[in-house]
Structures are given as structure tokens and as C-alpha cells.
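These protein sequences, in sequence, are chains A and R.
The numbers in the working numbering rise by one with no breaks, and the one at position 254 of the first sequence is 275.
The numbers in the working numbering rise by one with no breaks, and the one at position 116 of the second sequence is 276.
No lab work stands behind these hints: they were computed from the structure.
Using N, Cα and C, we set each Cβ at its ideal position, and we do this for glycine too.
Some hints here could point you the wrong way.
[As the list claims (entries may be wrong)] Restraint-style ranges between C-beta atoms, simulated for each label pair: (1) A:T297 with R:F195: 42 to 50 Å; (2) A:A333 with R:P283: 35 to 43 Å; (3) A:A35 with R:L259: 47 to 55 Å; (4) A:A182 with R:S284: 42 to 50 Å; (5) A:G146 with R:S284: 22 to 30 Å; (6) A:R89 with R:P283: 30 to 38 Å; (7) R:D174 with A:A35: 51 to 59 Å; (8) A:T264 with R:E237: 42 to 50 Å; (9) A:R290 with R:F195: 48 to 56 Å.
[To be verified] Mimicking EDC-like on lysine to aspartate or glutamate, the simulated pairs with C-alpha atoms at most 20 Å apart in a straight line are: (10) A:K272 with A:E291; (11) R:K287 with A:D385; (12) R:K304 with R:E252; (13) R:K272 with R:E193; (14) R:K165 with A:D385; (15) R:K272 with R:E261; (16) R:K202 with R:D221; (17) R:K165 with A:E148; (18) R:K208 with R:D305.
[To be verified] Facing chain R, a subset of chain A residues (Cβ under 7 Å, in silico): (19) G394; (20) Q435; (21) L437.
One-letter residues, chain by chain:
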Amino acid sequence: MNGNTQRINIGRDAFDVEAIRADFPALRQTVHGRALVFLDNAASAQKPFRVIDTVRQYYTDDYANVHRGLHYLSERASDAFEAARGKVRGFINAREDCEIVFVRGTTEAINLVAASFGQSHLKAGDEILITEMEHHSNIVPWQLLGERLGTVLKVAPVNDAGELLMDEFERLLGPRTRLVAVTHVSNALGTINPIERIIALAHAHGARVLIDGAQSVPHTAVDVQALDCDFYAFSGHKLYGPTGIGVLYGKRELLEAMPPYQGGGEMIREVSFTRTTYAELPHKFEAGTPHIVGAIGLGAAIDYLQEIGLEAIARHEDELLAYATARLQDIPGLRMVGTAARKAGIASFLLDGVHTHDVGTILDRHGVAVRAGHHCAMPLMTRFGVSGTTRASFALYNTRAEIDTLAGAIRHAQELFGR
Amino acid sequence: MNELKDLYQEVIFDHNRNPRHFGKLAHASCHAEGFNPLCGDKVSVYLKFNDQGVIEDVSFDGSGCAISVATASLMTETLAGKTREEAEAMFERFHSMMLGEEAGSDAAALGKLEVLSGVREFPSRIKCATLAWHTLLAALKEEKDRGAISTE
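Let the sequences and hints guide you as you build the complete structure.
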């Protein structure tokens, strides 16, 4: 507890949460007559004016299709779209812009790798190693691939705290392991996986590594070159950007050796009815008109976060999580699910005698938005012997006072249910 | 906060804590399993018909929130002595209540189930209250199909 208290005191003055809250118009509203307390950020985060205004401005003044028009607006839109790619590259410290592929979100990024890397690099009997804490989007694409190609899915288990069992993980890494696909941060429990070690171990076995970064990029600075991961996937909407835009980072030599994911416009060099040659990276993987304004909005979100500082954000969220964990653990009849030593931004819990959906409904009437359910991680829920949990997830704009409201609402749920 | 009291009435807490007719039914004529993949709620409904086509015994089991468990429990209390057609009519009445349609003279026929009308104010929870009823409908269909096969 002392460690947490100490951390809470660091940087309290440097981070002006009230100023940040003023940047997010959605936070000003009341819900059922109560001030909104938005703690469902792991599902999707609210948007700052910077993003909303950027999207509005591009639709109002600068909108046209990209990469083909010879006219003024198309050039402006193309420049802004490619500038957004550059911002993403800088954000995760990729080596080159062409290693940044715009997709719909983390789910599509993983499906792209499964389809394209799967087709070119995997065959029947090859093993793909994931963990027990994966989101369905990092399970089902590999199962679909297995049905098509005969690849084999291996699953590394977690302990009761929700930490990956590294011994088991190492044991499952074998001569047939071709790909390791692991989440950076668990969306259901908040566990931070030791991906540096995972990547090093996988590479030592000759396996490629895909990191699901959907939950990590909002909370921590990511350096894909330092990590040396082969693929890194994340979504814009959890990063305070628009929905429908996401990113697949891939090492250039890998992306070049992979076939296109979808065919269409934008991704070709030359088309005839006998033969088509493909465009250079990253356009080879961006068939059709992209989500132009989504990418530009994501760029605005990245600008906004970098101005505040990713380290300051991480510190604030770590403080919130430490405070929330302490407050929640003080509530009799409440059990935390996911107590890993290294966690980010998520507090999952169960209440004795009150089903998670009833908790969700009662909290909502207090203005508190949380997620109740299996969090698209049914195998993990099965591992913990529960059908679901109530999950509070924190963002840069959340406050300790909001966590106090959460705790009060939980006590009310218990009172209603006579607990 | 008053809507919460309308939703979570004492009858609902009572049936959630002590569900009636809970467990598998030995020698059931038909049964069906219901599952809501969005929330993971599971319920199975078991029916036993007598030779006159009347529901003689009924039970349910499964797991879920207070609304889904209490609804299933209350439902089982209303079904004994009803024919298949009468049970289907109960489904329709309950469904209409959930949709907020005027129940009119049917309201009285819902009896205790009327306490669930508060669920209407919580659109995301209506599925919790209808899961057991849809499962009942599936069980009744099984009974109907079985009857159709045996009479041909």
C-alpha cells in the first residue's frame, strides 16, 4: 500500500486533469440526472475537441478522395492522409511510413495477418501460439485459418492472478511454432504481458510475433523498433480517435513478402485481364477508398496525446488504478479478478450475490458507465470459473472523485440486494 | 433512482434468492436450452404434459442475473395446469408487456408477472426477462412437433 501512496503523490501537480476534462465535451453531460462517470474506456474512449474539430474541418473544407485526383482538394486530402501515417509512425517509432497500414481496427489488422501471412508463410501442422487471456479477435482468426490451412492453435495458460505462466509459454514454443500472437495488455484483467521477453523467446525459436496493442497504446508509449516485434495492431477509437480506423504495423521485409489482403482500387500498379501487379507498401494492403478522415482524426488524437505526454498520462492512470484497487478492495464482498503485479488501466471485479448485469444497471443509474459481461474473452472467463465480470477501465480524463462515485454506487448495489 | 425500485421489486429479489421449481425435471415431456451470447445467461426449461395435453409439472435451471432468474422462476409458477396453446398465449402477453404494448384486459391474466413491467424502462435488460420465455416457446415447439409426429 505504501508503494501506491508514494506513486499517487508524484506528478499530481504536473497533470491538470480538470483542464483535460474540459477538452472532452461528452464528459459534461448528465446521465439519469447524475454527472456522467465514464469508466468504459477499454471498450472505447471519448473524443477530445481536437479530434472532433479536425474531422469536422476536413469534411467541411478539405475533403476529396486521396491518391488519384489531380485537383487541389485531392492533393490536400492526400497530404493530410499521408501526414497522419507519419504521425502514427512516429507514435510507435516505426522505421518507415510504409510499415504503417491503415485498417478498420485491431480486429481487421489481425485478420489481415492471418489471411496474408497465413497464406504465404504457414502450412498444415504449423503452430500458432496465443495465450489464455486473448480477446476473441486474437483467437477466432487463427481458428478460421486452422480450418482453411490445418494450422494448429496452442494456448499458453495464466495463473490465478491473471499473469501469463512463462514456463508454460516457453514449453509450448516448439520447432513448429511459426507465429506467436499475444496481447500487450489484457482487455478483461489489465495484465501487462512481458512482451519484450516473449518476443525475444519467440525469435530465438524462429517464430514471428504479432502484438495486439488495442489496450496498450492508450496507456503506455510503444516503440516497435525497441520491441523488435514483427507486427503490432491497434485501434483508433480506444486512442481517443474516430471509430473505423486502426493500424497494422509490420516490418517492411515481412509486409513485402506477403500477398495482398483484399483486391481493388488503390492497391494496384497495373491491371489487365491476364495479370495485375500490385502497388508498393503500404498501399498494397489498402484496397478501396480508405477511411481518410478517420486516419486524419487519429493523427489529431496522437498530436493531442503527445502534447500532454504519454509518460504523464501513464503516471496519472497508474495512480488512478492504484487508488481504485485500494478503494474497491476495501468493499466487503467484492473480489478483484486479475491481480497481476503489472497492470494497466483496468479493474475487473465480482460482487457476492449480485450478478454483473445487475451491477451494471445499478451503476448506470448513478451515472457510472462500466462494462459488465465476458469482455469478448470467454475462454478467460471460463478459466476463472465465471460467466463475466464488472469492469471499470480508466482514461486520462478520469479522477479520484469518480472512483469514489463508483465505490458508492457499488455499495448501493449491495444494499439493494441486501448484502 | 426510483426506476431501480420499480425494476428490483421485492418479489424479484425473493425469486432471485429462492427460485421456485429450480432443477431438472425427471421424465420431462420436452425441454429446451436458452442462451444469450451477449451476456452469457443460460436457462433450460423442462415441461411435463399429461395425457390431456395439460402442463402437469414444470422446472428450470441455469444461471443469470436477478432479472433472468426471477423471470424464469415466476414463469414456472404460472404454467402448471395450462395447455400448450394457453402457454403460448402467456408468452404473447408477456412479450407485449415487454414491448410496452397495451395489455388491456390481458394484464390481469399476467398475475404476478406484472411485477416485471419495470424492465421496460431498461431496454438493455429486456433480453434478460425474455430469455426464459423464448426458451419456453422452443420447448413448446418441441412438444408440438413431437405431437405432430406421433399422430401421423
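Hints and how they fare:
{"no.": "1", "hint": "A:T297 with R:F195: 42 to 50 Å", "in the structure": "holds, 45 Å"}
{"no.": "2", "hint": "A:A333 with R:P283: 35 to 43 Å", "in the structure": "holds, 39 Å"}
{"no.": "3", "hint": "A:A35 with R:L259: 47 to 55 Å", "in the structure": "holds, 53 Å"}
{"no.": "4", "hint": "A:A182 with R:S284: 42 to 50 Å", "in the structure": "violated, 31 Å"}
{"no.": "5", "hint": "A:G146 with R:S284: 22 to 30 Å", "in the structure": "violated, 45 Å"}
{"no.": "6", "hint": "A:R89 with R:P283: 30 to 38 Å", "in the structure": "violated, 44 Å"}
{"no.": "7", "hint": "R:D174 with A:A35: 51 to 59 Å", "in the structure": "holds, 53 Å"}
{"no.": "8", "hint": "A:T264 with R:E237: 42 to 50 Å", "in the structure": "holds, 45 Å"}
{"no.": "9", "hint": "A:R290 with R:F195: 48 to 56 Å", "in the structure": "holds, 49 Å"}
{"no.": "10", "hint": "A:K272 with A:E291", "in the structure": "violated, 25 Å"}
{"no.": "11", "hint": "R:K287 with A:D385", "in the structure": "holds, 17 Å"}
{"no.": "12", "hint": "R:K304 with R:E252", "in the structure": "holds, 17 Å"}
{"no.": "13", "hint": "R:K272 with R:E193", "in the structure": "violated, 24 Å"}
{"no.": "14", "hint": "R:K165 with A:D385", "in the structure": "holds, 14 Å"}
{"no.": "15", "hint": "R:K272 with R:E261", "in the structure": "holds, 18 Å"}
{"no.": "16", "hint": "R:K202 with R:D221", "in the structure": "holds, 8 Å"}
{"no.": "17", "hint": "R:K165 with A:E148", "in the structure": "violated, 53 Å"}
{"no.": "18", "hint": "R:K208 with R:D305", "in the structure": "holds, 15 Å"}
{"no.": "19", "hint": "G394", "in the structure": "holds, 5 Å"}
{"no.": "20", "hint": "Q435", "in the structure": "violated, 12 Å"}
{"no.": "21", "hint": "L437", "in the structure": "holds, 6 Å"}
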